[in-house]
Amino acid sequence: MACLTRPREGNRVAISDEEAVRFRATVIELLMISHPHDCPVCDEGGECHLQDMTVMTGHVYRRYPYRKRTFENHDLGPFVTHEMNRCIQCYRCLRFYVDYAGGHDFDAFGLRNEVYFGRLRDGALDSEFSGNLVEVCPVGVFDDKTLAAHYTRKWDLQTAPAVCAFCGRGCNTIAGERYGELRRVLNRFNGEVNGYFLCDRGRYAYESVNGAERVRKPIVGLSGLSASELVRGLGARLESALGERRVAVGARPRVARPRPVGIGSPRASLEANFALKRLVGAERFFLGLADGEQTLVERAAELLREGPSPAPTLHDIEAADLVLVLGEDLTNTAPMLDFSVRRWARLRPTVAEERLGIARWNDAGVGAVKKEEPSALWLATTHAGKLDEIAAETFHAAPDDLARFALALAAALDSKGGSRTAGEPPQKSRSAKARSAKRSAADGPSASLTADGPASDGDARLERFAAALRAARRPVVISGVSCGSLALLEAAAALARALPGPPPAAAAPLALVVPEVNSMGLVLLGGGRLSEAFRLAAEGDVEVALVIENDLYRRAPAAQVEAFLKASRTAIVIDHVKTATMAAAAAVLPAASWAEATGTFVSHEGRAQRSFQVMVPPRPVQPTWRWLSALASAARLPAGQNWLRLDDVLAELARERPDLAPAALVAPNADARVADMKIPRQASRYSGRTAMHADVSVFEPTPPDDHDAPLSFSMEGYRDEPPAPLVTRFHAPRWNSVQALNKFQQEVGGPLRGGDPGVRLIEPPAVPTSIPAAAQSSTAVTPSPPRPAAAPSSRPAPPPAFRPALDRLLAVPLHHIYGSEELSMLSPPVAGRAPAAYVALNALDAERLGAREGRPLKVTLDELHLSLPVRIVASLPEGVAGLPVGLPGQPFVALPAELEIEHEDGHA
Amino acid sequence: MLTDSERREIEATLHHYPHRRSAAAGAMRTVQRHRGWLSDEALADIAGFLGVSVEELDSRATFANMLFRRPVGRHVILICDSDCCYVMAYEQMRDHIAARLGIGLGETTPDGRFTFLPIVCLAQCDHAPAMQIDDDFHGDLTPERIDQILASYD
Amino acid sequence: MTDRHTTGVSPDERPLTAAFRADGRPANIADYEAAGGYEALRTALRELAPAEVTKLVSDSGLRGRGGAGFSTGGKWSHVPVGDMAPAIKYVVCNGDEMEPGSFKDRHLIEGNPHLLIEGMALACYAIQARTGYIFLRAQYDKPYALLTQAIAEAKAKGYLGEHILGSGFSLEIYLHVSIGRYMCGEASAMLNALQSDRPNPRWRPPHMASAGLWSRPTVVNNVESLCCVPPIVRLGPERWKSLGLTDEGGTRMYGVSGRVNRTGAWELPVGTPMREVIEQHAGGMRDGFALRAVLPGGASTPFVPAEAIDVIMDFDHMKEAGYSLGTGTALLVDDSVCPIGLVRNLVRFFAQESCGWCTPCWGGLPWAADVLNDIEEGRGRLSDLDLLEEQCWFMGEDMCFCDLAPSATKPLGAALKLFRDDFERHIREERCSYGPVGQPAGQRSLRGPGPDGGH
Ligand SMILES: Cc1cc2nc3c(=O)[nH]c(=O)nc-3n(C[C@H](O)[C@H](O)[C@H](O)COP(=O)(O)O)c2cc1C
Ligand code: SF4
Ligand code: FES
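Protein chains in written order, with our numbering: chain A, 33 to 940; chain B, 2 to 155; chain C, -14 to 440.
Just chain A, with the same shape it has in the complex (with noise of 0.2 Å):
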């Protein structure tokens, strides 16, 4: 049979051969032979592949007259479902779980007809990426527990592509809605972002749509307003506060009257932020960001736009030869980059399967040999993650200690004739330091790093990352902002820049992870900083506050917030779940969640993406830059009256910013057509339309228009393939499970017809060099191509060596991938998964300091008083600290800061 025959060069494959129909007939009736007749109660039915299968290969008479074998299942946590009777066997959920994501606590169990898929006992699934098993799983052994908990059939969703709003990343999903509640996600194929998987935080985030923390309404300080008569009042004052300026336009300048502020938002689209700064003028909108934050994402852009290292796509990662991660925490940060770069080291090319004749499709294959390779990862952060026990080595130490290893390796890329001129290796201890300064000083520049004496740990380490890097034609660095240190940033992009890159870039692609979905975007678009605004209102400058989509006591001292809100008479905030912000706000208008709006995002290495709108929200929920419409026209402004839809807001967009222009590009526009129809959400199968409101009225209301997508809230529509970025629902005609996708690929694996959706806002400029032709392919097996000669005089210099002090401790920010992003912290079966609020230490910290695992510590730290139970972090170096990010309920907090231990006499 063609499924157990090699292929080669020339072979014809007969699927409809006789016996080959029959074959597979026979696999179908054996698959059944234990299979449950459950298809009508079961939460696959209508997307399952055995079932598609079934019908297809015509299996209807059961001739297996035995018993079934039947088998006890587990509770595997919030996410997935656990129903073994409908196993076939297939090895999937294992290749995926234990192969891909790098699992332990799962396996396969027995053997024969009787094999057991799951965990010894019962217990939340560990893994991150859990949820894909969901569609991983041919059959409903694992399913989507949250959409269990509200069920509805898969054809009965009203789906759209949606992008992930829950971090950088901007993994493409599907989101479907049933009777105005968000059920589910899937993962949508993107080869160049997320490919065919997604992270457990992007599948089962989507609840905090339909949370009880969602603002459906407007709220008013006088309540009794309807939502126009809300935005009449609201306009009027935004007229006034903005007409006094007009006024005193070209007069002579006076002691300027209050005006607006604006402050945007990461986690709101670029066409929200941009109305808002079209409305409250350039100079007066603020990102929203925390200050810190935002020099490190601007700064981000920047070196991104600088280059020459470009952003790599997923494909980028995939062809590296070796990946050096620099002070991310990925499984946390950025869970679909921590799973590509898992998936990447387990079947990256080299040449060892090429010379056994192992072909790429061959994953087993590949896989075993990789395993037994030495490992290409090379992992330098703050504290121990879980992609430390693939690393070749780790290299854990304090965020300015990072940035010095990495500056210390670019210079050791060059000092065969080049100098060290900046970085040297980090020293822990005292002794060792001095040491080295001694040393500088002797040898001179060109001194080799491990030139003299017994060499110290450090330069031992130093020269093995030194080694592994010069060796390395097609490296990729991985960096972000995540542990809050500008140095790292610089060193990381600096040390790219001495890397060589994939031809014809000029230096090792640098992937630079930002926290939220449109951080990038953001920063794009640019804007002041939170604490300038804080000054203008301060000072009496700002008549309305406009905040939308933020909470800003994430972002600032709430000592701060609170006296911004006030200063700044009237606060307005817009925004679709309720925040702290709302508080001390005049109204709060109802905005549509990401589910309920079109808009673009911009992804942390630059990508615009399009995500369209799932469900119509009840009135007056609205998208954000429409409310900024309304209130322009209430204050009648020219900017934003004229934003009917919002293909308005990206022309406005794209004239005014031609850097920002291809964003309204990434996907058609509203007007257009595929042979004069739009796109439905619904499916062909959609169920029950004519009777859903039969209990209110038995006419069937008219679907509602969708202005600002060429998708319709209706099963009419064009039925074949859409164009990639408008794909609803992975459907061809008999595969209704997610095996269709193939159908929508060029080939299997390959990008989706006509091109993965997205396009990059940054390019580096493309530097022009000279690369020998053998260089030039594009296989990881060619030879080393030039060394871009990067000036090392260009190199940040290093910071100060970090330094345990006594009686302070450096605190670094923790990342949580259930717990540290906001929103998703609002769906219950993420915010169950959560750690509470803690300090970690290492443990020689915590000896010294007479802590205890659990027991609470009172620490102060920028001038907060915090009591938290200890949790030691043998991982952490000595002398610093960790503290959780972004926990509900905690404070903002600074990160890196230093933390004062109280002791308990009350003395710090």
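Hints are supplied without guarantee of correctness; some may be wrong.
As the list claims (entries may be wrong) - Computed footprint of chain B on chain C, listed as stretches where at least three residues anywhere in the stretch have a Cβ under 8 Å from a Cβ of chain B:
hint	region
1	83 to 92
2	102 to 113
3	162 to 173
4	328 to 335
5	414 to 428
Keep in mind the hints are simulated off the structure, nothing from the lab.
Ideal Cβ positions, reconstructed from N, Cα and C, are used throughout, including at glycine.
The hints should help you fit chains B and C with the ligands onto chain A, whose structure is shown.
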């Protein structure tokens, strides 16, 4: 916790393999030899020592036919049920043992003396029907011989 | 009753068993050396390049004794040797011996463990492996102890360890004991088992010769195959070949179990006719029993009907006649045995031992076992015979991931033809008409004792 002797015995095999985890199969045999069977706790002990997950160990253990995941009696009778022994009337021997001990296959006598299990060909086909009790082979079985053999295990 | 050695025979005639002791105790190193033991290793290390050893084995025409009969020398020659070759390579000896009916490897090890050690050393030298594993089935405590002892003896004499016999070649041999499963005998599953991975079979390529154990070049050979290597090197391929009666050449272990006068395993020239093995060496059937069929080389081989036992027992003659030699250890099925019951037993065995990887195997085998059970117990229908034929098709060769399920279809497919009458009678009479197995002809009526008297 592994006992000292368990740990020593496992450690002695570590250098046979390039990876620590590859000693898992042998480690399970070792611990079973000491404890009679592999409890969840035993697996956890081995897992901790070798740095593998209990899932991984149990996956292998439940595949194998010579690792016991449930308590067994003092002596384990493995009666061959493959073809040569079938031809040589193992079924009569099986029924005889079952009647003598008052237990069926897969069961343990109430006094914990014997556990009675089937096994595939013991490579004693030239002495079929054959069985194994603990580490000893017994071939050319007849009901009379079986009675003698059983009597020699306390 | 059991015949286990052919002592007193010249090592040049019966090289596998010549060192076996007359007292039945295992040969020690002195016994073996007296019979020419370790001469081959000495010669190889002093005079032969690794590739020359491989060439000798290729020239000898040695075919694997594990069942499939691959050319041993051919297998070795695929392993890269030389300066550019990978530094780490392995030889793994397949001592799982769980094929029902097969017990020859045990005889060889229990008779003379050193022969295997020397064979391993030569194989390792030929492919330049510095580590060898002997994979033993869980029950082989005695072979384990003997091999442990033999390895120690060999080490003490400088046949193993660092710089063997003063040469540049070093070798460690480790014993690995299986946690038990028939599947672990399949070569690629065995490598997984050795790694403590799940013993499912592997997809090839990569072939083991390039990426086997821990993805290093690996050769897997059966115990007996490796035992043939020292005599081949010592005698030279031509003399070795001349020991056989047919082109295949050499000697091998032939075994017999069942209701014969003498069960056992004997080293005989390759190409000995089956009739000679049965009648001369096994002493023919016991009184009161007639031979119905032979399972010639383990549970994975098709039945040979009693009329056809003049067949010559080497790979090619057997294959030509439509049978297969397998392990060369034959089970003789006498006329007291219900063939349906026997086939049910065989198929149940395979169903039980399926690793659960490929669907035709884990889905088809238990089904076939259930159908056979129905027929045996009188619930069969004639259409079941078509169903069994169909199962032989979809579990046949090229339909499954490894050879386990196709192996089961061999005796089953043969039985459907050979014992057609029995199948039909079971179905027609809705019962098994055989008495308990082992009842001599005089005490049995073909009509049998009726529905309750059977088994
Ligand atoms: C299910 C299965 C079980 C096997 N069991 C054994 C076995 O127990 N011993 C053995 O030597 N070969 C066994 N084999 C054959 C091996 O796969 C392999 O061909 C053999 O060990 C190679 O050695 P050789 O070339 O020296 O014969 C088995 C094959 C299969 C498919
Ligand atoms: S993916 Fe589903 S059907 Fe396949 S083996 Fe796992 S549980 Fe069974
Ligand atoms: S069949 Fe029972 S020992 Fe071989």
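Each hint tested on the structure:
1. 83 to 92: holds (count 8)
2. 102 to 113: violated (count 0)
3. 162 to 173: holds (count 6)
4. 328 to 335: Contact hint for the region 328 to 335 of chain C vs chain B: holds, 3 residues under 8 Å.
5. 414 to 428: holds (count 3)
Hint 2 from the list above is the single one not met by this structure.
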